[in-house]
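**Student:** Chains as they are written, first to last, in my numbering: chain W, -8 to 340; chain Y, -8 to 340.
The hints are simulated quantities; they were obtained by calculation from the structure and are not laboratory data. Just so it is clear, the structure is predicted and the values come from calculations on it, not from any experiment. Heads up, some of the hints might be wrong.
[As the list claims (entries may be wrong)] Within a straight-line C-alpha distance of at most 25 angstroms, the following computed PhoX-like cross-link-like pairs (lysine-lysine) qualify:
hint, chain 1, residue 1, chain 2, residue 2
1, Y, Lys(-7), W, Lys171
2, W, Lys(-7), Y, Lys171
3, Y, Lys37, Y, Lys62
4, W, Lys133, Y, Lys171
5, W, Lys133, W, Lys100
6, W, Lys317, Y, Lys171
7, Y, Lys37, W, Lys175
8, Y, Lys171, W, Lys175
9, W, Lys281, Y, Lys171
10, Y, Lys281, W, Lys171
11, Y, Lys317, W, Lys171
12, W, Lys175, Y, Lys62
Listed below, chain by chain, are the residues.
There are 2 protein chains.
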Amino acid sequence: MKKHNSRCVFINKMGIGDNYPVRVESMLKVPLNRRDAILSEVKKLKEVGCELLRVAFPSLDLKQDLDYLVKEATIPIMADIHFDGNLALAAMESGCPSIRINPGNMKNKKALREIISMAKDKGVVIRIGVNGGSLASSFYEKAQGDEALALVLAVKEQINLMQDEDFEDLIISAKATSVKATLKANTLLRQLYPYPLHIGITEAGPGLHGIVKSSVGIALMLSQGIGDTIRVSLTASSVEEVKVGQEILQALGIRRFRADLISCPTCGRKRVDVNMLVEAIEPALGKLPKDWTVAVMGCEVNGPKEASGADFGIAGTQSGVVFFQKGKVIGRCSVEEIASYVKSIIEGF
Amino acid sequence: MKKHNSRCVFINKMGIGDNYPVRVESMLKVPLNRRDAILSEVKKLKEVGCELLRVAFPSLDLKQDLDYLVKEATIPIMADIHFDGNLALAAMESGCPSIRINPGNMKNKKALREIISMAKDKGVVIRIGVNGGSLASSFYEKAQGDEALALVLAVKEQINLMQDEDFEDLIISAKATSVKATLKANTLLRQLYPYPLHIGITEAGPGLHGIVKSSVGIALMLSQGIGDTIRVSLTASSVEEVKVGQEILQALGIRRFRADLISCPTCGRKRVDVNMLVEAIEPALGKLPKDWTVAVMGCEVNGPKEASGADFGIAGTQSGVVFFQKGKVIGRCSVEEIASYVKSIIEGF
C-alpha cells in the first residue's frame, strides 16, 4: 500500500503529497459569520487532529469573517470558491494559504488567470476540485456518458490552463457519489498527473451509510497507492468526518493515531460483559502509547491468546477477569470489580 | 469486482459460492438457553435481511435449546463448535444444516472423521473457521511468524483431512484482527482452493472503529473478487452487523438492498437543514424501489444537478425547497412545510 509518488505542495509549511503522511481534512459546517460557533468547531477539530480545514466562502459580505478566521484558526484554511473568481482573490487577500476552485462553475478564463497570478505571488496552493454533481454536461457528452472520464476531462481542461501559466502548486480532486466512478477517475488521474490527489466520496450521506460508503471508497483508492489527503463527506459533524478518516488510515496500516482496540463481538459463549469492559477502556485509549494493541475478550476461545499477545489485554474466564501486559499476567479481579480495576491499572501506566 | 468462481454449497437450499449473491451473516449475541430473547433477535435479524445465523453451542446441556432454535428459526443456523467434537455431532442431530469447527482447538482426529461421516449422511455443510486468536503456535513457527501464512497452513491441514474423506461441502474462513494479514491469507486461500470463502475481520471492536475497520478489510477482499459470504464482527448488535455488511456490498455495487441515499455533508453554504430532510426521508427509503437513487442537497452548488439526476430528489434554494422525480420538478414548498410535504409525497409513490 505504498503511496504513488507525487509532487508535493506546502500549505502553511505542511507538506501534502510525495512521502508526506496522508492528511486528514474536514470542512466547517457552520457559516463564516457565526464566529464563536466556528472557533469552537475549529478547537474541537484541532483536538481531534484535523490537518486542513475547508470553509465555504460564498459571498464578499463575509470577507471580514474570513479575515478573522484565518487570523484565529489553529488549522490551515482552504477557502472553498464557486461561481465567482473575485471570491478567490478576496480569500487570498484574507491570507488563506489555499483555495479550492471548481472548474465546473467558473467560466471566466480571465478571472482564472488573475487568480493564478495572485496565487503565485502569495504562495497559495490551488485545489482544482471537480464534482460529479456540478460538472458541465459538455464533459459528459465528450465522455459519452462515462462519469469517471467526464471528471477527468474536466480536471484536464483546468490543468491545461494552469500549466499554460506555469502554475504547479496544485492539488487535484475528482469526486462522484459512486465508489466505482470515483475509483476509476482517480486511477486515471494518478496515471496522468504528478499532482497530489485529494480523495473522497462526495455526499456519502448520513450515519452508517455514509461511514461505510466512505470507508469502502477511500480504502480502495488508498490500497492502490492513490490519495495524498482525504476528506470523509458525511451528513454528520466535522469531528466525526476526521475520526472516520483517521480510522480508515489506521485500518490500512498507513498511519497510526491511537492504540488499536481489538474486542470480540461477543456471542453466547461470553463470560463477562465485553461492552462494559470496552466502555471502561475506550476513553483511556488516547492515554496509552499509540503503537499499542489493546485486547478486550469475552471468553476462552480466542481470549487469552489475543489478550496475552496484545500490549495490554483483558480476557474473561470462568472465575472473573485476567489482565495481561505484554504477555504477562498483571492482575486478576472479579466481575464486580472490573470497572474500578481497569481504571486503576490504566492510571498506573 | 466480479467474484472469483468457486464451488457452491447449499445450506437449507440457499446457495453460497459460485454465482450466488454474496451472503450476509451474523451471530447470535445471547446464550442459547434464553429462548425468548433469541427468538426476538432472530425475528429482527430476519426482518433486516440476515441470511445465515451462527450460534455458539458450547455445551451439551444446551442441546434441547438448540433443537428448539433449529425448529423455530426462520434463518438457516450454523452451530459454532470449539474444543469438543461431540458438540458437532449433537448439533447435527439437532438438525443444524451447517456447523463451524475451529481446527485450532479440536485435536481429536477420530472425532473429526465421525463428524465428517455424519455431515455426509445429513448433507451438512462444514465451515472450517481459522482465527488468528486461537491458532496453535506450531503454525506460527512453520510460517516463521507470518500470521497470514500460519492461517493458511492451519486451513490446509484441515482441508487435507476433509479431502482424505472425500468431503467437499466446505466453506473456509481465515480471519485475523489485522486487515493486511486477513487480506493476504484470503488471497492465498482463493488461489489454493475452490471452496466458498467466508470473510471478515475478526474482533473489529466497537463503534466507529469496528465499522470502519470491517468496511475497509471486507471491501478490499470483495473488490478483488474474494468472498462468498461475509460477517461483520462488531461489539454491537447483530442487526447492526447485518446492516454494515449490506452497506459494504451496496457501496461496491455488488448487491442492492435499498434505495441509495445521496446527501450533501452541508457547509456554510447550505440553504436548508439537510439533517432534517434526511431524517424525514430515511425511514421511508425502504418503501421506495431499491434501484432508486434519492438525493438530499442543501444548496445550489451540486444540489439541483444531483437532485434532478436522481430518481427522487430534494434541493434547497433561496426561496425554499424543490422536489424532483426522475429529472422533473414535481413540487416546491417552503422550509416550514418540508416535513409534511416529504411525508405526503412519499406516501403518494
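**Student:** Hint by hint, say whether it matches the structure.
**Tutor:** Against the structure, the hints come out as follows:
For the suggested pair Lys(-7) (chain Y) and Lys171 (chain W), the alpha carbons sit about 13 angstroms apart, so the restraint of at most 25 angstroms is met. Pair hint Lys(-7) (chain W) plus Lys171 (chain Y) holds up; C-alpha atoms about 13 angstroms apart against a cutoff of 25 angstroms. Distance restraint check for Lys37 (chain Y) and Lys62 (chain Y): the Cα-Cα separation of roughly 15 angstroms lies within the 25 angstroms cut-off, and the hinted pair is therefore satisfied. Pair hint Lys133 (chain W) plus Lys171 (chain Y) does not hold up; C-alpha atoms about 40 angstroms apart against a cutoff of 25 angstroms.
The suggested pairing of Lys133 (chain W) with Lys100 (chain W) holds, with an alpha-carbon distance near 20 angstroms, which does not exceed 25 angstroms. With a CA separation close to 22 angstroms, the supplied pair Lys317 (chain W) and Lys171 (chain Y) stays within the 25 angstroms bound. For the hint linking Lys37 (chain Y) to Lys175 (chain W), the alpha-carbon distance of about 36 angstroms lies beyond 25 angstroms, and the restraint is violated. Only pairs whose Cα atoms come within 25 angstroms are accepted, and Lys171 (chain Y) paired with Lys175 (chain W) is accepted, the gap being roughly 23 angstroms.
Our distance criterion of 25 angstroms between C-alpha atoms is met by Lys281 (chain W) and Lys171 (chain Y), whose separation comes to about 19 angstroms. Restraint check for Lys281 (chain Y) and Lys171 (chain W): the C-alpha separation of about 19 angstroms stays at or below 25 angstroms, so the hint holds. Our distance criterion of 25 angstroms between C-alpha atoms is met by Lys317 (chain Y) and Lys171 (chain W), whose separation comes to about 22 angstroms. With a C-alpha separation of about 48 angstroms, the suggested pair Lys175 (chain W) and Lys62 (chain Y) falls outside the 25 angstroms cut-off, and the hint is violated.
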